[in-house]
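Trainee: Read off the chains here:
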Amino acid sequence: DTEVTQTPKHLVMGMTNKKSLKCEQHMGHRAMYWYKQKAKKPPELMFVYSYEKLSINESVPSRFSPECPNSSLLNLHLHALQPEDSALYLCASSPTPGTIAYNEQFFGPGTRLTVL
Amino acid sequence: GDSVTQMEGPVTLSEEAFLTINCTYTATGYPSLFWYVQYPGEGLQLLLKATKADDKGSNKGFEATYRKETTSFHLEKGSVQVSDSAVYFCALTLLNSNTGKLIFGQGTTLQVKP
Numbered sequence: 118d119t120e121v122t123q124t125p126k127h128l129v130m131g132m133t134n135k136k137s138l139k140c141e142q143h144m145g146h147r148a149m150y151w152y153k154q155k156a157k158k159p160p161e162l163m164f165v166y167s168y169e170k171l172s173i174n175e176s177v178p179s180r181f182s183p184e185c186p187n188s189s190l191l192n193l194h195l196h197a198l199q200p201e202d203s204a205l206y207l208c209a210s211s212p213t214p215g216t217i218a219y220n221e222q223f224f225g226p227g228t229r230l231t232v233l
Numbered sequence: 051g052d053s054v055t056q057m058e059g060p061v062t063l064s065e066e067a068f069l070t071i072n073c074t075y076t077a078t079g080y081p082s083l084f085w086y087v088q089y090p091g092e093g094l095q096l097l098l099k100a101t102k103a104d105d106k107g108s109n110k111g112f113e114a115t116y117r118k119e120t121t122s123f124h125l126e127k128g129s130v131q132v133s134d135s136a137v138y139f140c141a142l143t144l145l146n147s148n149t150g151k152l153i154f155g156q157g158t159t160l161q162v163k164p
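Chains A and B, in that order, are what the protein sequence lines are. Numbers in my numbering are just positions in the first sequence, counted from 1, shifted up by 117. Numbers in my numbering are just positions in the second sequence, counted from 1, shifted up by 50.
Keep in mind that the hints were calculated from the coordinates and are not lab data. Wrong hints could be hidden among the right ones.
Quick list of in silico lysine-lysine cross-link-like pairs, BS3-like style, CA-CA up to 30 Å [claimed, not checked]:
#1 A:LYS139 with B:LYS151
#2 B:LYS127 with B:LYS99
#3 B:LYS99 with A:LYS158
Build the full structure now, drawing on both the sequences and the hints.
Mentor: Structure (structure tokens):
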């Protein structure tokens, strides 16, 4: 299994809703990432998990809350979002930190989020 | 700081034309270089990579050579197809990075017309 899966594919939510995005990989990768991508722009890194521990938070607002319950699963909990948070949210994973293969990231198809 | 600069698009070509998308980088350490492709409505796919100087990455007819002397990693394809229409991102990550952080260029949109 060489893919990263993300659910749901599309999500529409109101500003008072609580929702979660899910990402899963079964490649044995020990680093996982959340990115936000606006239209016609490159992905922006949000969070990095290394060995299930949060290693980078790129000054993301607290209305985004990541969680890594195990080495295969990564969640992004959403609460009280704003319309400007509407974007494509991408998950990625990469092999063991500290190895040269670590530099290669595998991306999921993304969740298209619309905040009304 | 570390950065990637890509030629601005959109690039519009006829089918079977030759493609070059320029990419140059600035890096404080020793980078690995990547080209990712994003088809409409999809996530990013790794197209090719190179991890040291003079390495040539290749995949699906696309090629790019890691040129340390010119700090470049230009993407080329000899004969493009309509199905190559997508956004192409050049990216780097530092070999000694303990974060694996990818630094992306702004992306170049390629449109291939039949």
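Trainee: Each of the hints needs a verdict: does it hold here or not?
Mentor: Do the hints match the structure? See the list:
1. Our distance criterion of 30 Å between C-alpha atoms is met by LYS139 of chain A and LYS151 of chain B, whose separation comes to about 21 Å.
2. Of the supplied pair hints, the one linking LYS127 of chain B and LYS99 of chain B holds, its CA atoms being roughly 15 Å apart against a limit of 30 Å.
3. Taken as a hint, the LYS99 of chain B and LYS158 of chain A pair is honoured in the structure, with Cα atoms around 21 Å apart against an allowance of 30 Å.
Comparing the model with each earlier hint shows no violations; every hint is respected.
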